[in-house]
Amino acid sequence: MIIKQKLNPYLVKEILVQLDGEMICSEGVCQLNGFQVEKGIGTIEIRLSPQRKPEIFVEYAPSVITRETALMLDLKKISDLMNTVESEK
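Every letter in the sequence shown is one number past the one before it in my numbering, and letter 55, counting from 1, is 55.
Keep in mind that the hints were calculated from the coordinates and are not lab data. Just to be clear, a hint being listed does not mean it is correct.
[What the hints assert, rightly or not] Calculated cross-link-like contacts (lysine-lysine; reagent style PhoX-like; alpha-carbon spacing at most 25 angstroms): (1) LYS53 x LYS4; (2) LYS76 x LYS39; (3) LYS39 x LYS4; (4) LYS4 x LYS76; (5) LYS13 x LYS53; (6) LYS6 x LYS76; (7) LYS39 x LYS6; (8) LYS13 x LYS39; (9) LYS6 x LYS53; (10) LYS53 x LYS76; (11) LYS76 x LYS13.
Construct all of the structure, not just a fragment, from the sequences and the given hints.
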């Protein structure tokens, strides 16, 4: 299962992307708040507009991301999703 979630803009203080135009993205550096984006994160979409705050969307696999990544980016892990489903019953 892949989930796309918009990050809270107040959580993002720093975005670092270092890529050579010849490289594939996984060979470059992508950091949010100084934290290297790791396994389980499929896509990071950044929308920049002069009149708005940046919008950052993350596509990820909740069963694969680490607890540390989930907490830092306020993403839901698979256990969180299961608890939500159970509480709605």
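Given pair status - LYS39, LYS13, alpha carbons within 25 angstroms
holds, 21 angstroms
Against the 25 angstroms threshold, does the CA-CA distance of LYS4 and LYS76 hold or violate the hint?
holds, 11 angstroms
Legend entry - Restraint status (C-alpha distance of LYS6 to LYS53 at most 25 angstroms): Distance ~13 angstroms between LYS6 and LYS53 Cα, so the pair holds.
task: For the pair we were handed, LYS39 and LYS4, check the Cα-Cα distance against 25 angstroms.
output: Judged against 25 angstroms, a Cα distance of about 15 angstroms means the pair holds.
For LYS53 and LYS4, compute the direct alpha-carbon distance and say whether it is at most 25 angstroms. holds, 19 angstroms
Do the alpha carbons of LYS39 and LYS6 lie within 25 angstroms of each other, as the hint requires?
Holds, at about 18 angstroms.
Satisfaction of hint between LYS53 and LYS13, Cα-Cα up to 25 angstroms
holds, 12 angstroms
Original post:
Going straight from one Cα to the other, do LYS76 and LYS39 come out at no more than 25 angstroms?
Top reply: Distance of about 15 angstroms is within 25 angstroms: holds.
**Asked** Quick one, are LYS6 and LYS76 close enough, alpha carbons at most 25 angstroms?
**Response** holds, 12 angstroms
Can the restraint linking LYS76 and LYS13 be considered satisfied, given a maximum Cα separation of 25 angstroms? holds, 20 angstroms
Checking one constraint from the list: CA of LYS53 to CA of LYS76, max 25 angstroms. Satisfied?
holds, 23 angstroms
Consistency note: the structure conflicts with none of the earlier hints.
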